[in-house]
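Chemist: The primary structure of each chain is shown beneath.
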Amino acid sequence: MSRDITLAKAVNEAIAEEMRRDETVFIIGEDVAEAGTPFKVLSGLVEEFGTDRVIDTPISEPGFMGIAVGAAMTGSRPIVDLMFGDFIYLIMDQLCNQAAKIHYMSGGKLEVPLVLRANLGATRRSAAQHSQSLHALVAHIPGLKVALPSSAYEAKGLMKTAIRDNNPVVIFEDKLMYQDKAPVPEEEYLIPFGQAAVKREGRDVTIVATSSMVAVAEEAADILSEDGISAEVIDPRTIVPLDEETILNSVRKTSRAMVVDEGHQSYGVTAEIAARISEKAFYHLDAPVIRIGAMDVPVPFSPALEDLTVPNARGVADKARKICRGELVHAA
Amino acid sequence: MSETRTHNTEDYLRMYRQMVRIRAFEDNANQLYLAAKMPGLTHMYSGQEAVAVGICEALTDEDRITSTHRGHGHCVAKGAEFKAMFCELLGKEEGYCRGKGGSMHIADQSHGNLGANAIVGGSMGIATGAALSAKRLGKNFVTVCFFGDGATAQGLWYEVMNMAALWNLPVIYACENNGYSEYTKTKEIAAGSLIKRAEAFGIESFQIDGQDVLAVNELAETLSDRCRKGEGPFFIELKTYRYHGHHVGDINRDYYRAKDEEAEWKKLRDPITNFGKWLEDQGIVSADELVEINNEIKADAEAAVEYALNAAYPDPSEVDMHVYAGVDHALDYLPGARP
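Note that the protein sequences, when read in sequence, are chains A and B.
At position 171 of the first sequence (counting the first as 1) the number is 171 in UniProt numbering, and the numbers step up by one without a gap.
At position 92 of the second sequence (counting the first as 1) the number is 92 in UniProt numbering, and the numbers step up by one without a gap.
Misleading hints may appear alongside valid ones.
[Stated by the list, open to error] Derived lysine to aspartate or glutamate pairs resembling EDC-like cross-links, with alpha carbons at most 20 Å apart:
#, chain 1, residue 1, chain 2, residue 2
1, B, Lys185, B, Glu261
2, B, Lys139, A, Glu111
3, B, Lys239, B, Glu302
4, B, Lys139, A, Glu30
5, A, Lys109, B, Glu94
6, A, Lys181, A, Asp165
7, B, Lys277, B, Glu296
8, B, Lys135, A, Asp86
9, B, Lys135, A, Asp56
[What the hints assert, rightly or not] Not close to chain A: a few residues of chain B, all C-beta gaps over 12 Å, as computed:
#, residue
10, Cys97
11, His247
12, Ala325
Read the hints as simulated data drawn from the structure, not as lab findings.
Ideal Cβ placement from N, Cα and C applies to all residues, glycine included.
Generate coordinates for the entire structure from the input sequences, incorporating the hints supplied.
Modeler: Spelled out as structure tokens, the structure:
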């Protein structure tokens, strides 16, 4: 049985279920207790689990991230709430130099089982310091796993897997999707890392899309279908590890590929996935692999400008149409 | 030497031996570097032995420590063995971290050492988090966070001291003030008083002679007991001195530190010599017996070096092991990552 619930509720359920199952799980971050975070994702948890397990911190991101690393090394399973993914810049040393490397540097003797909840996404009129999509930054660092849920269903299943994982896992939720509803089973389920979901089957072009860009890709597929173009939409769900096989199999079938992600276009997730397709499915391709990321500018405040920076369905559909018609083959 | 608590002969001799073991380890590590037998570089702890030993002797194997890039002393004091330590310095498979940590990340995890840390001040969060685990999970262990005076310039310390004080965590922040922040005098980088910085958070703080192993040990015993009763956190500033440069290659250092100053500390304030004299004065041990202890440890260290020099390097297949817990080989786990 399933019911439609919001992504916020799905995350809340995942955390509550895991906290009931395992008393070493706790939450730490700013305004996580009574406030339930500004996005209200954690509402009600402090009432059930108390302030000992839902711990409000001062505004000290490096401090509480470091504390979570030490707690994880000594028998706890902390869930760190970073409020905004943008604050990842503040905690880079604790995340990338400490959490990510401790298992390796100790020759496998120490483990850091923690979950970092961050978010991503623009078009919320929050300007450049609260609108970024920084998952590629984290995915670059060996030792971290990175999950990007695209709906309430993924959000719950990936969160439960993350909490049980013995490694540092970073989950980026799109901050515009918290109120989006989707069917979520009432029974327990987990989504294994490294298994992409084929969201829509198609035969002419593969669109690999992450997080909120999955909905953008699906909308683009609707537009394309009016032109008789059949697009396959693939959601990797985790970018570390990445289910390369599902992506390559799809490209071998459709012979065209696009990658859509809300991180900046240059040096990003789109570049990585496009490069792998080009390297490993080259002879199956009828067109160059196209990347569509966010514009390489800080995210502007003005709605008139901000909307221009993020990929949209019309733009994705236009590019897809062009590669299907052989119009984007660059002359040598 | 201050001495108000009752120790038995065995305790005294163990503390003496542990200090000598650190010095012997460092002398050999220095030689390995100078003879170009050791990869990378290393940071000597010689001169500061009374701090690591005085504090770690007050701790059990369950108690945790976090350490610094000058971490050999803490590692020995917390119970590590020479062989696995020298193997780690040389990047050998039998090293405590299977050769993946080296000098700056050395740790004997089985004795509660959560690791040396090559980021100055990088482990302050980890130590505080271990203390949070202890409190939340109802465990009785205490965590000591070792760091140098240079690390007091890092903001992380202020963030975690604030939370440790708010939440009464069982953590002791042990600042080894050796007077130098890498190649710069501490007084040039630290405004005001270090102890007052901790006191500003309402953390009970102490200044102590870090060359006096018994004084350090007595304070550490008192504070670790009080931590176990929920009276933490605490801060200790231990005045000490590093005999070598910032790292082993820092030989010509007249431009920031006078030779006379180094000579004076070595002659008048050496923690091992002075404790040895005290043991003699108290009739606990004879001069000959001290020499015998020194020689025996020196021979142990040399044998361990010999062993480590001949030990095997890790198999190449280990290069992508231990990236992820529960994953044998990272490059198989990350499809497509393999070139």
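Chemist: For each hint, tell me whether it holds in the structure or not.
Modeler: Taking the hints in turn, this is what the structure says about them:
Taken as a hint, the lysine 185 of chain B and glutamate 261 of chain B pair is honoured in the structure, with Cα atoms around 13 Å apart against an allowance of 20 Å. About 19 Å separates the Cα atoms of lysine 139 of chain B and glutamate 111 of chain A, which keeps this hinted pair within 20 Å; it holds. Distance restraint check for lysine 239 of chain B and glutamate 302 of chain B: the Cα-Cα separation of roughly 31 Å exceeds the 20 Å cut-off, and the hinted pair is therefore not satisfied. Taking the CA atoms of lysine 139 of chain B and glutamate 30 of chain A, the gap is near 26 Å; set against the 20 Å cutoff, the hint is violated.
For the given pair, lysine 109 of chain A sits about 13 Å from glutamate 94 of chain B by alpha-carbon distance, which is consistent with the 20 Å threshold. Our distance criterion of 20 Å between C-alpha atoms is broken by lysine 181 of chain A and aspartate 165 of chain A, whose separation comes to about 26 Å. Distance hint between lysine 277 of chain B and glutamate 296 of chain B is fulfilled; the C-alpha atoms sit about 19 Å from each other, no more than 20 Å. With a CA separation close to 31 Å, the supplied pair lysine 135 of chain B and aspartate 86 of chain A exceeds the 20 Å bound.
At roughly 16 Å between alpha-carbon atoms, lysine 135 of chain B and aspartate 56 of chain A fall within 20 Å of each other, so this suggested pair holds. Annotated as non-interface, cysteine 97 of chain B brings its C-beta within 12 Å of a C-beta of chain A; the closest such distance is 4 Å. Residue-level check passed: histidine 247 of chain B sits 19 Å from the nearest beta carbon of chain A, beyond 12 Å. Distance check on alanine 325 of chain B: its Cβ comes as close as 4 Å (rounded) to a Cβ of chain A, failing to clear the 12 Å threshold; non-interface status is violated.
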